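Asks: If you want the building blocks of each chain, they are given just below.
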Amino acid sequence: MRKPEFIYVTYIETTPEKLWQALTSSEFSKRYWFNTELKTDWKVGSPFALVMDGTTTDVGEVLEFDRPRRLSYTFHHVLSEAARKERPTKVVFVLEPHGKIVKLTLTHEDFEAGSALLNGISKGWPAILSGLKSLLETGTALEIPPAALAIEGLQ
Amino acid sequence: MSKPEFVYVIYIASTPEKVFKALTDEKTSEQYWVGNRVVSDWKIGAPFALKLKREEKDVTGKVLEFDPPRRLAYSFRAAHAGMEAEPPSRVTFELEPQKDQVKLTIVHDQFEPGSKAFESVSRGWPLVLSSLKSYLETGKVLHAPWYETASA
Chain A
0 MRKPEFIYVT YIETTPEKLW QALTSSEFSK RYWFNTELKT DWKVGSPFAL VMDGTTTDVG
60 EVLEFDRPRR LSYTFHHVLS EAARKERPTK VVFVLEPHGK IVKLTLTHED FEAGSALLNG
120 ISKGWPAILS GLKSLLETGT ALEIPPAALA IEGLQ
Chain B
0 MSKPEFVYVI YIASTPEKVF KALTDEKTSE QYWVGNRVVS DWKIGAPFAL KLKREEKDVT
60 GKVLEFDPPR RLAYSFRAAH AGMEAEPPSR VTFELEPQKD QVKLTIVHDQ FEPGSKAFES
120 VSRGWPLVLS SLKSYLETGK VLHAPWYETA SA
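From first to last, the protein sequence lines are chains A and B.
With numbering that gives the first Met the number 0, the residue at position 60 of the first sequence is 59, and numbering never jumps.
With numbering that gives the first Met the number 0, the residue at position 31 of the second sequence is 30, and numbering never jumps.
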């Protein structure tokens, strides 16, 4: 059986420092992450929350903050009953520079077998990271209507 | 044991027509496909080739679907780096307009368990499609210095 995890690799013409900032600052995340703020002080062990349009959608804890190489936090979706019952999962971003490009690898793992959340995040991440790439390369984020992702429970 | 398949979604600020053209036009593909180029007249059943810049033998296949600007599919058989013995796999592109973007989905499947080609394309597609996105959105190509050492 396949391991329940989601992996996404993208290549962005930017610097690790700029990409790191975009991944950790609300000023940026609001532009490419469906108007979501990242609420945390980024100290290891500190709490972490994603707040979309004023509503907390996910909570977790900062696991790693190794600028500008590795960023990791736990991730617990709190908007639906089904997702709340699942154990927290783990998000890891790895940033590898190659000349003018940074290879960004996202691994979202530790899902329970039969997870209700895995399907939703598999649709969300490509949109978020495509938007991030466009923002860093062109200065403009993509405007993908959340409803277009067809994720249950996400308007 | 289940058959491996590679699925990847990317959103590109462009039109389905432009993305479809980029996927099927030889000159354009050479720009973003890390020096490789797609060659076909795109009639159903016609031969398809991905001419490789850095290998002796090209990827070959047959056109399975050609429905511009929505769907494109071809069979895919690599003949280099020990992959000659593997049967052809299948590449399917789906293009969906989403507001001012195109949602491009690739499914590369029909691999045998343990396929070397699967490992290879799983590393290659994110680079090629990231490069396609940059090319269509900025007019510039991603410079991939590591590709020369084939360690991606």
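In case anyone wonders, no lab produced these hints; they're calculated from the structure.
Predicted model, so just to flag it, every value in this text is computed and none were measured.
Don't be surprised by glycine CBs; every beta carbon is placed ideally from N, CA and C.
Any given hint could be a false lead.
Here chain B is said to cover these stretches of chain A; the calculated rule only asks that three of the stretch's residues, wherever they fall, bring their Cβ under 8 Å from a Cβ of chain B [to be verified]:
1. 18-24
2. 116-130
Cβ pair distances, simulated, as ranges [to be verified]:
3. A:Lys84 / B:Trp41: 28 to 38 Å
4. B:Glu29 / A:Glu63: 18 to 28 Å
5. A:Val77 / B:Lys52: 29 to 39 Å
6. B:Glu4 / A:Arg69: 54 to 64 Å
7. A:Asp40 / B:Ala84: 51 to 61 Å
8. A:Arg69 / B:Lys61: 42 to 52 Å
9. B:Lys17 / A:Thr14: 45 to 55 Å
Asks: Give a verdict on every hint.
Replies: Hints and how they fare:
no.: 1; hint: 18-24; in the structure: violated (count 0)
no.: 2; hint: 116-130; in the structure: holds (count 5)
no.: 3; hint: A:Lys84 / B:Trp41: 28 to 38 Å; in the structure: 49 Å, violated
no.: 4; hint: B:Glu29 / A:Glu63: 18 to 28 Å; in the structure: 40 Å, violated
no.: 5; hint: A:Val77 / B:Lys52: 29 to 39 Å; in the structure: 49 Å, violated
no.: 6; hint: B:Glu4 / A:Arg69: 54 to 64 Å; in the structure: 29 Å, violated
no.: 7; hint: A:Asp40 / B:Ala84: 51 to 61 Å; in the structure: 55 Å, holds
no.: 8; hint: A:Arg69 / B:Lys61: 42 to 52 Å; in the structure: 43 Å, holds
no.: 9; hint: B:Lys17 / A:Thr14: 45 to 55 Å; in the structure: 28 Å, violated
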